[in-house]
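Chemist: Chain A is already provided as a structure; the job is to place chains B and C on it using the hints.
Protein chains in written order, with the numbering used here: chain A, 15 to 310; chain B, 34 to 726; chain C, 737 to 1083.
Heads up, a few of these hints could be off.
[Stated by the list, open to error] Calculated cross-link-like contacts (lysine-lysine; reagent style DSS-like; alpha-carbon spacing at most 25 angstroms):
# : chain 1 : residue 1 : chain 2 : residue 2
1 : C       : K996      : B       : K189
2 : B       : K467      : B       : K563
3 : B       : K563      : B       : K510
4 : B       : K63       : A       : K306
[Stated by the list, open to error] Which residues of chain A face chain B? A partial, calculated answer using Cβ under 10 angstroms:
#  : residue
5  : D203
6  : A204
7  : E205
8  : A208
9  : A209
10 : A210
11 : R211
12 : R213
13 : G214
14 : A223
15 : L226
16 : P227
17 : T230
I should point out that these hints are in silico values taken from the structure, not numbers from a laboratory. Using N, Cα and C, we set each Cβ at its ideal position, and we do this for glycine too.
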Amino acid sequence: MSAIVPGAVPAVTTAAPAGPSRWANLRSVLSVAVRSASVDVGLVILVFWIVDAVAWHLFVPFDPLAQGGGNLLAPGGAHLLGTDNLGRDVLSRVLAGASSVLTLAPIGTLIGVALGTVVGLITGYYRGVADTLIMRVVDALLALPPIILAALALSMLGTSEFAVALLIGVIFTPIVARTVRSAVMTERDAEYVAAARLRGESGAYIMAAEILPNVTAPIIVEATVRFGYAIFIAGTLSFLSLGLQPPSPDWGLTVYTEQNFVQVQPWTVLGPAIALGTLVVSVSLVSDGLRKAMDS
Amino acid sequence: MSDDQASSVTDTAPTLAVEDLSVSYRRRRKTLPAVSGASFEIAPGEAYGLVGESGCGKSTVAMALMRYLPGNAAVDGGTIRFQGQDVLTASPATLRGWRGNQMAMVYQDPGSALNPAVRVGTQIAEVYRVHRGLSRDDALDRAADMLDKVRFPSPKDMLRRYPHELSGGQQQRVMIAMALAADPALLILDEPTTGLDATVEAEVLDLIEQLRAEYSTSVLFISHNLGIVARLCDRVGVLYAGRLSEEGPASSVLTEPRHPYTSALLRCVPRPGMRKDTKRLEPIPGYLPRLGEAPPGCPFAPRCDLVQPECETAPPPLVQVPGSHASACLRATEVPALTARDGEPAAAPASGTAPAPPPAAEKAEKAEKAAEPVIAVDGLVKRYTSAGMEVTAVDGVSLDIAPGETFGLVGESGSGKTTLARCIAGLLPSSAGKITVTADHSGRRARARFLQMVFQNPDTALNPRHIVRRILSRAQKRQDDPATSSERGRRLSDLVRAVRLQDWHLDVRPAALSGGLKQRVAIARAFAGKPSVVLCDEPVSALDVSVQAAILNLLIDLQAERGVSYLFISHDLTVVQYLADRIGVMYHGEIVDIGPANAVAAAPHHPYTEALLSAAPALGSDGAESRIRLDLTPVQPGTGTEGCRFHGRCHRSLGEVCATQVPPWQTDDSGNTYRCHIPPVQLRDLQGAATPL
Amino acid sequence: MAELTSPAAPAAAPAPRPAPGAAAGAFLGRHPLLSLLVKRLWLALVTLFLVSVLVFVIARVMPGDVGRSILGPYASAAQVAALDRKLGLDRPILAQYGSYIWGFVRGDWGTSPVLSVPVRPYVMGHLVNSLYLAGLALVEIIPLSIGLGIVAGWFRDRWPDRLISVVGVSLLALPEFVSGTILIVVFSIELRALPSSAAVPDLSIVDILHNLLLPSLPLLFVLFGYIARMTRAGTADALSSNYARTAYLKGLSGTAVLWKHVLRNSLTPTITVIAVQLGYLIGGLVVTERLFNYPGIGNLIYTAATDHDQAMLQAGVLLIAGVYTVANTLADLLYAVLNPRLRLGGS
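The following block holds chain A by itself, in its conformation from the complex:
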């Protein structure tokens, strides 16, 4: 019988073709993502705000909480963006305001993605009655706009940073669960899962070792999209004064508290509003680039 000639198999070490292995090489995915100008812009802005959130103390010209620089000064001079009605430096408060939202949003996202992944894995793999039940509850939760749900819950829980992060996580859980569930349901029908069941593997093993590694791509994309919305929700809750409380320089909160002075000194609200806007846009651009890179 003619033997198989392994040497004839073309260079196995070269990059695998598009297909199930497209995730194998994270670096190549990132390199595709980075090749787009909009992603570059997004990354620069995002990195700027992350650095700022960690090390704002090094950049601020004034203490963001210190009053007495003269009330509602116009931009220019020592106060590049003017001062607010308590005489605090607007630029310093804008720079200091990044840290709160960039703490709450990642924690909330993490909670939501972790819980959602677990729920999605279990409902997608086992289906059946529990799946139907859980998905019904998920539908009911999704029938309420997240902001209204959050307003309801925070008026119940009281406002604290922890409550906001937890809430974001809880709101995201069903959404992430849906995404993960549908990915799991496709994988579950793949024959490698049948093969695992055939060798008598437990459900937990199949979910964790066989299916989970194959649904990481949609989970990561979902996580980046959720991160954008987490900033959205955290900012909005602050704006509704349901999140952080004064005198925090948080952006959403500042827009809320300084709204009365918008006619006199628009910079007091425009500064934090634009800051939050750039952050959100940068996250969206990066996550969109990542999604495109994974699709290709």
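Modeler: Chains B and C alone, transformed into the frame defined by chain A:
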């Protein structure tokens, strides 16, 4: 038919002339040549076949002819002349005038080629609206005429249907009607029957053959199936890795190949009537080169027996071999002739008597009868609810498999064979019936040791995120569990060698392996322990033809070494006939015919088996006249619940009794048992008459 | 010998013989659309029930005694207890829920203990105000985002697509208060073109635009990105489908392929997308109505939540969930009507 046609038109200008065509794809900033220097011509009224395995550039050629290449493809050189005009430089308006009018196309997967949201009639009528400027009503009338031409019993009614209301065969007939609507000069058929069931495929091919006689259209027929091309085409070109390796009259190329690839391809597939104990398959070593990875010289050189140093420097040109046809081989005259057995099957496939079983097989059969079955299925039923309706996928199937035996299960898609296998494997709970095995294998682990499975699609059967070593060692741990780590390593090496893999294959992910290698890994996983039964669910149907033989040989070798029993499931009766000791034929959830392989293949057998055998498009079988034509109309829901399930399509139907009474089991003296109202003696006469003994 | 499975009947009787895969005819009498309608309505009821339970529970476990929050810190414990009893708050929670739902269904939504007004007319009035705003937003959103989505899909990966996609993606997660604030500064303060505080318009188009154009834009921004992206994806996919290829190779021009073959497949899923996004639209109302001081239902819910006005809060939230569920159900039905596969039943 073909020879006269071809000779009468050779003087006129060709309908299509392709010269030195090269097409490549751009992927990740790399240029991957898909077609290199292809030249061929199609005369008016001629049928030209383009054959090759998947990825060899057939469809790329077709799309280039219509100038409808995807955005990342580019024509690098060459010309395409359609009726003397240059296709590659034609204006968009000219192209639109040709497409659907002068040149039309029918492709694989008609289900996705028809617009799901538009009525069938409107889609056909569009051709007349665009190219003939007809009014809506007139166009619909013409569309009805076309539907009539492709043998729809009530064309007016069909006009108002949506594609999803039609079966696959009906959808393809609609596509053919649409393509022929404007009576084009060139009809391109790109794998038009791939994915259809064998009996439906036969019907569509018959239709194409008949329509060719009615229309004077030139045909470009693209297929991976040599048998179909041999039947339908006047001339053929064989593509390998984007290059034409051989070209000439169909009869000459397919009986006296002048290229080692064609020759090997013809020898590596089982012919009807061939059996594993009389003839071993001759696989082609190695694998098809991936796109852009063809070697610089002759692309077939790494797999070729006749290879010499010159082959590897530059691709040999396609030149006329004296006294024969054109070949792109430097040693064309040395290509060995096909042996008698290769060229002609041992017996006429349709309904002929099978060759007497060789002594070895006879002995094996006796031994099986004595032994207790390793697995016995009794009255297995599987029902499930789909969209609120109960469907019986498997309906009272009984079979048993002896130790070391191969039981072949044949049936078309939807016949329930995969569901049956999954019930037997315990992957699906059965609704009723009993599965009995030799030893105590009731626990999860014990069953894993006893029974394993090889799946159809090697791409999804292996976890893409795990390296091969992890896949195999986990399987060993669960099914075998060697004590020490050195023992574990040794057995892993043994396993890898047993499936003819190399050690370095262990450290790559499945995506880095070709389909054939992946299937070897899947087979290794099934044999990681010492299984008594392995269920093979279409294990070669997703593989390239040239790789199939090696996998089939591997399965045969493993069985000889380890004495395992196989349940071998396939839609391909020829493969099952080659491999199986006994065969069961499934139709709509039931086994309708069961017995020793030779007996099932020979008359008398169930009329459905007869139809399947005659449908198999095979080389050397010139079966157009004796072909059995089944009624294509799918069984109406609700009818046929009383009598024989097959009666609606049966060409031997007795009428009333078949429709109302459940047919009894009949046994003939050769050991074949089938479910039919016609007794063996009568049926033998009927079926024997089709092809004299 | 051992049995591998534990099936029901030992010797399988030759099963009843409806031909497999041919069960479609069994329900010929029942129209698939009708059964879908029944199923969707049932699902909608279940969803609304779950929402009502959720809202009721949340409202009941709000911090602070209801009586106490109404009467203020200086009332005596006896006064608070008396009010609680009057409001029925001392009864078992199931009974409270039962009487609340029963009242709600009959149209008796109670009286706000905080504002001392009957809940129903008050909530309905705010809902109507919100519908003006949401309606204007939808009138802007649907043609704009679908139109540009189709353009982007048609020019896939070329500059119009890149431009539309980048703008859409950028706006996707932009909080309404951020874009709203910037709009106010530009159009109300710098240009003095439109009011920064929106009044309930009379029904003239000029007045609607004057008051509500600015508040509707932040809603437009968020939904534009989402709907345009979905439309783009649907159009681009349909354009690269096999049936689009069939249409091209039939000799149809690009525009004919788009109009006759692509859009009727690619736009149906967009309907569902729009319906699902209604939830976000309503959530966005809370923010824009606060920012522009507009007396809509979002503003009402926010005020009710911060004031612990249970009756108002429950009615408002249930109403919104109702609107959302009805819209979703309608969208599903519309989708089914437009999709022959669902309309005629699968084969």
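Chemist: Taking the hints in turn, state whether each one holds.
Modeler: The hints, checked one at a time:
For the suggested pair C:K996 and B:K189, the alpha carbons sit about 22 angstroms apart, so the restraint of at most 25 angstroms is met. Between the alpha carbons of B:K467 and B:K563 the distance comes to roughly 24 angstroms, so the proposed pair stays at or under 25 angstroms and holds. Distance check on the hinted pair: B:K563 and B:K510 sit about 12 angstroms apart at the alpha-carbon level, within 25 angstroms; holds. Under the criterion of a C-alpha separation no larger than 25 angstroms, the hint pairing B:K63 with A:K306 is consistent with the structure, at around 20 angstroms.
Among the interface hints, the one on A:D203 holds; its C-beta lies about 9 angstroms from the nearest C-beta in chain B, closer than the 10 angstroms criterion. For A:A204, the suggested interface contact is upheld, since its CB lies about 4 angstroms from the closest CB of chain B, less than 10 angstroms. The interface hint given for A:E205 is met, as the beta carbon of that residue sits about 4 angstroms from the closest beta carbon of chain B, less than 10 angstroms. The beta carbon of A:A208 comes within 5 angstroms of a beta carbon in chain B, closer than 10 angstroms, and the hint placing it at the interface holds.
A hinted interface residue such as A:A209 counts as satisfied when its beta carbon comes closer than 10 angstroms to some beta carbon of chain B; here the least separation is about 6 angstroms, so the hint holds. Evaluation of the A:A210 hint against chain B yields a held restraint, the C-beta minimum of about 8 angstroms falling below 10 angstroms. Hint status for A:R211 relative to chain B: holds, with the closest Cβ pair at about 6 angstroms, below 10 angstroms. Because the smallest distance between the Cβ of A:R213 and any Cβ of chain B comes to about 4 angstroms, under 10 angstroms, the interface hint for this residue holds.
Hint status for A:G214 relative to chain B: holds, with the closest Cβ pair at about 4 angstroms, below 10 angstroms. A cut of 10 angstroms between beta carbons decides the hint on A:A223: the least distance to chain B is about 8 angstroms, and the hint holds. A least Cβ separation of about 9 angstroms between A:L226 and chain B falls short of the 10 angstroms threshold, and the interface hint therefore holds. Against a cut-off of 10 angstroms between C-beta atoms, the interface hint on A:P227 holds, since the closest Cβ of chain B lies about 4 angstroms away.
About 8 angstroms separates the beta-carbon of A:T230 from the nearest beta-carbon of chain B, less than 10 angstroms, and the hint is met.
When each numbered hint is compared with the structure, no violation occurs for any of them.
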